[in-house]
Amino acid sequence: MTELPSAADRVSDPLPLPPAQGLMTLERIERLFLSQQQWEAGEFGALCVQSTEQSELLKLFTKRQFALQFFLGFLRTGTAPRASQPMVPSCENLHTTQPSAWSVDSLMAMSSNSFSSCLELIGQDPFLTSYELGLLLSKVKKIYGPASAFSPSVIAQLGRMASQLTDGELAVLRLSHLSIAALGSFSSWNSRQLSVLFLSVLNSTRQTPSQLDSSTMVALGYIVCGIKTTDMRNLNAVEFSKAVLWLGRLRLICSEEQLLVLVELLSHSLAFGPISSWGTEIFIEIGALAAGLPDMAMSALVKDQIEGITPLAISLIPADKFAVVFHQAQIRMFSYEQAVAVTEAQRVALTPVQQTALSMVLTPWENKPVDFRGRSSGFALRPGPFSLLMELLMLMLLFFHSSF
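Per the working numbering, residue 3 is the first one in the sequence shown, and the count goes up by one each step.
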């Protein structure tokens with residue numbers, strides 16, 4: 003097993019503990035955040051981030067947020083605040099730290115120019131809450147006017163803030179190809195919003211579903227799941243087959259019926275042809291959409307077809323369907339990556355024979371079922387520099403607090 007270096011192994015020149023009188027400088031805090039960002043962008047750091055559960059990433063972010071806000075005086079309980087007004091960050095400060103690491107009051111207090119310069123960065127922040135996004139959207143409206151007056155450029159920079167627009171506001175957006183791609187790039191929409199957005203796309207492009215080309219379908223991204231099944235059947239099968247290489251990479255929230263219709267498009271004679279003729283390459287290309295294969299077609303898959311099903315597609319198959327369509331012999335054909343992608347709900351729905359087949363893929367060296375409470379990703383991960391960073395920050399907190 004590949005073992006990643008520990009924090010102590012990686013950090014050759016750790017930051018010295020700053021003296022008490024300089025403990026509260028923003029520059030020192032930014033250096034710590036910048037060091038963490040550089041590590042996360044590296045080979046091993048990126049691997050650690052990718053293999054970390056979202057809940058753990060949220061915990062790590064919360065520690066970073068606390069450290070920044072404590073040092074800036076936002077959370078200094080028991081001591082007098084430094085000023086009645088929150089410290090206002092510059093756009094450069096947000097790039098070095100992270101927008102959500104600051105209080106929403108600080109972000110709201112930014113000048114219009116600074117806020118506009120960092121609009122896209124703020125919109126892309128994954129840790130801002132719905133409440134905070136709503137407040138920040140109100141600031142956008144103060145700067146640019148109502149949603150109907152937003153330019154396509156502004157819409158393209160809204161990011162997650164756009165999810166706080168009302169259905170009526172979404173319906174009147176003036177969309178360009180760039181802004182469609184921006185809105186279709188994130189998955190926090192609900193089904194109603196997706197439907198409204200797709201109608202906005204049709205209104206802005208002045209096209210019918212049958213006229214949409216592959217580039218527009220690629221730009222739609224997650225908005226594809228806002229297309230009614232009746233309209234999906236009118237999509238150009240050839241153009242859709244050209245777009246599926248991108249769409250298949252997304253964890254789409256389409257209904258079973260929608261996925262089934264999309265697979266029907268792909269099996270059109272002018273697209274990929276009948277499912278029985280698909281090889282490994284086609285299954286790899288369609289990605290997540292393989293989850294929409296009809297039950298009969300999925301239960302008839304042979305080894306070279308199963309080899310092409312992506313782990314993402316495996317995880318998107320409804321649990322009851324998964325248990326019905328895959329018999330134990332097919333499950334034995336899974337790769338390790340496919341077997342790891344099986345969700346807990348899918349596993350529980352399997353018969354004991356099917357579960358045994360799955361465990362034989364996950365632990366072929368053992369003559370007993372696998373313990374599903376924990377699965378190895380193939381790496382023995384040790385705490386990275388972020389753990390060291392947090393320990394350092396906590397030491398700084400204790401050191402500073404003890405000086406009062």
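These are computed hints drawn from the structure, not numbers from a lab.
Among the hints, a few may not be true.
[Said to hold, decoys possible] Calculated lysine-lysine pairs in the DSBU-like style (CA-CA distance at most 35 Å, straight line):
1. 61 <-> 144
2. 65 <-> 143
3. 141 <-> 244
4. 244 <-> 323
5. 305 <-> 230
6. 141 <-> 230
7. 144 <-> 244
8. 244 <-> 305
For clarity, every value in this text was computed on a predicted model and none was experimentally measured.
We went through each hint and held it up to the structure:
1. 61 <-> 144: Roughly 33 Å between the alpha carbons, so the hint for residue 61 and residue 144 holds.
2. 65 <-> 143: At roughly 31 Å apart (the allowed maximum being 35 Å), residue 143 and residue 65 satisfy the hint.
3. 141 <-> 244: Roughly 40 Å between the alpha carbons, so the hint for residue 141 and residue 244 is violated.
4. 244 <-> 323: 28 Å, holds
5. 305 <-> 230: 34 Å, holds
6. 141 <-> 230: With Cα atoms ~34 Å apart, residue 141 and residue 230 stay inside 35 Å; holds.
7. 144 <-> 244: With Cα atoms ~41 Å apart, residue 144 and residue 244 exceed 35 Å; violated.
8. 244 <-> 305: Holds, at about 25 Å.
The structure is inconsistent with the numbered hints 3, 7, although it conforms to all the rest.
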